[in-house]
Amino acid sequence: MADYIVHVTIENKPGISDPEGKTILNDLVLKGTHQNVSKINTAKMLKFTINENNKESAQSKVQEICDELRIYNPMVSVVTVDAFDA
Amino acid sequence: MNVGVVVFPGSNCDRDMFHVLSDVFHMTPQYCWHDKPLPENLDAVVLPGGFSYGDRLRAGVIAAHSPIIQDIKKIAEKGIPILGVCNGFQILVESGLLPGVLLKNDSLNFMCEWTNLTVENNKTPFTNQFELNAKIPIPIANGDGRYFVDDETLNQLERKNQIVFKYDKVVNGSSNQIAGVCNEDGNVVGMMPHPERAAESEINPHDNKPSSLIFESLLKKIGASN
Chain D
0 MADYIVHVTI ENKPGISDPE GKTILNDLVL KGTHQNVSKI NTAKMLKFTI NENNKESAQS
60 KVQEICDELR IYNPMVSVVT VDAFDA
Chain P
0 MNVGVVVFPG SNCDRDMFHV LSDVFHMTPQ YCWHDKPLPE NLDAVVLPGG FSYGDRLRAG
60 VIAAHSPIIQ DIKKIAEKGI PILGVCNGFQ ILVESGLLPG VLLKNDSLNF MCEWTNLTVE
120 NNKTPFTNQF ELNAKIPIPI ANGDGRYFVD DETLNQLERK NQIVFKYDKV VNGSSNQIAG
180 VCNEDGNVVG MMPHPERAAE SEINPHDNKP SSLIFESLLK KIGASN
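Note that the protein sequences, when read in sequence, are chains D and P.
Read in order, the letters of the first sequence correspond to residues 0 to 85 in numbering that gives the first Met the number 0.
Read in order, the letters of the second sequence correspond to residues 0 to 225 in numbering that gives the first Met the number 0.
Errors might be hidden in some of the hints.
[Said to hold, decoys possible] Calculated lysine to aspartate or glutamate pairs in the EDC-like style (CA-CA distance at most 16 Å, straight line):
#, chain 1, residue 1, chain 2, residue 2
1, D, Lys43, D, Asp81
2, P, Lys103, D, Glu10
3, P, Lys165, P, Glu130
4, P, Lys77, P, Asp54
5, P, Lys208, P, Glu130
6, P, Lys122, P, Glu183
7, P, Lys159, P, Asp184
8, P, Lys122, P, Glu157
9, D, Lys12, P, Asp149
10, D, Lys12, P, Asp150
11, P, Lys103, D, Asp17
12, D, Lys60, D, Asp81
13, P, Lys103, D, Glu19
14, D, Lys43, P, Glu157
15, D, Lys21, P, Asp105
16, P, Lys134, P, Asp206
17, P, Lys168, P, Glu130
18, D, Lys46, D, Asp81
19, P, Lys103, P, Asp54
20, D, Lys38, D, Glu63
[Claimed, not checked] So the derived list for chain D, only partly shown, Cβ under 7 Å to chain P, looks like this:
#, residue
21, Arg69
22, Asn72
23, Pro73
24, Val75
25, Val78
[Unchecked claim] Derived, one-sided and incomplete: chain P residues facing chain D with beta-carbon distance under 7 Å:
#, residue
26, Val60
27, Val100
28, Asp105
29, Leu107
Since the hints were made in silico from the structure, they are not lab data.
All residues carry an ideal CB built from backbone N, CA and C; glycine is no exception.
Start from the sequences, fold in the hints, and give me the full structure.
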């Protein structure tokens with residue numbers, strides 16, 4: 000058993016409006032000199048530290064926790080789970 | 000007429016709701032702390048507004064895992080009237096008792112202002128004293144009040160008459176301007192605006208009668224079933 004760091008990124012599904020991302024794009028980035036930026040999506044990230052047998056089981060356990068406890072709302076959000084060595 | 004007012008850490012409209020239920024409409028409310036079992040003698044339950052758990056993670060989601068929610072799910076199945084206001088509405092959707100989700104307002108602002116609702120369903124325990132399409136001047140006070148459902152769920156809400164209140168204009172970007180919905184049976188109702196802040200003439204500069212009818216509907220419903 001070892002500690003693993005698991006990153007959970009929660010972001011809107013495509014088609015769900017993201018007014019914060021639009022504001023950052025239109026009122027900050029595009030008002031500067033960065034005209035090659037076309038889209039910004041905001042997201043929420045959680046970092047779990049979890050003790051598991053291996054990286055794969057750390058990732059699947061955190062995915063299970065996210066589903067069970069509605070860490071993300073499946074109607075509007077998608078979640079990406081990535082595990083790393085601590 | 001025993002009405003439970005559920006209190007979570009961070010609820011802040013519980014006392015306003017208690018006052019309106021007891022002093023204005025002469026019901027017998029009682030506070031129900033979130034980690035205690037729900038009393039068994041309740042005729043109705045209200046989840047008041049506030050910021051349970053400081054809206055951490057997502058408005059209402061942590062409160063939706065409180066022990067009392069299991070009891071509320073059981074009485075919901077029995078047809079007991081349940082009303083969620085503002086954060087109470089957010090808790091009801093996050094607990095799966097109502098469909099949809101409440102997202103940040105399009106403006107990203109906390110909105111505290113008077114709105115006008117129209118009554119879209121007058122068959123619920125909280126709207127049975129209204130004419131269909133009646134108008135209700137009523138305040139909102141929220142940051143995460145934009146009701147969202149996907150197209151399939153929206154069709155279902157319309158087909159099953161689960162849309163209870165709509166704003167009369169675009170307020171915050173809600174799907175179809177929805178301000179309140181109910182479950183399929185109609186006994187669980189959630190709404191973002193605050194009827195407890197609008198049912199007395201002293202605090203309503205417009206017309207307090209329509210908001211009063213929300214509570215009078217409940218009196219009618221409870222009276223009829225007792």
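| Numbers of unmet hints, in rising order | Violated hints (numbers, rising): 4, 14, 17, 20, 23 and 25; every other hint is consistent with the structure.
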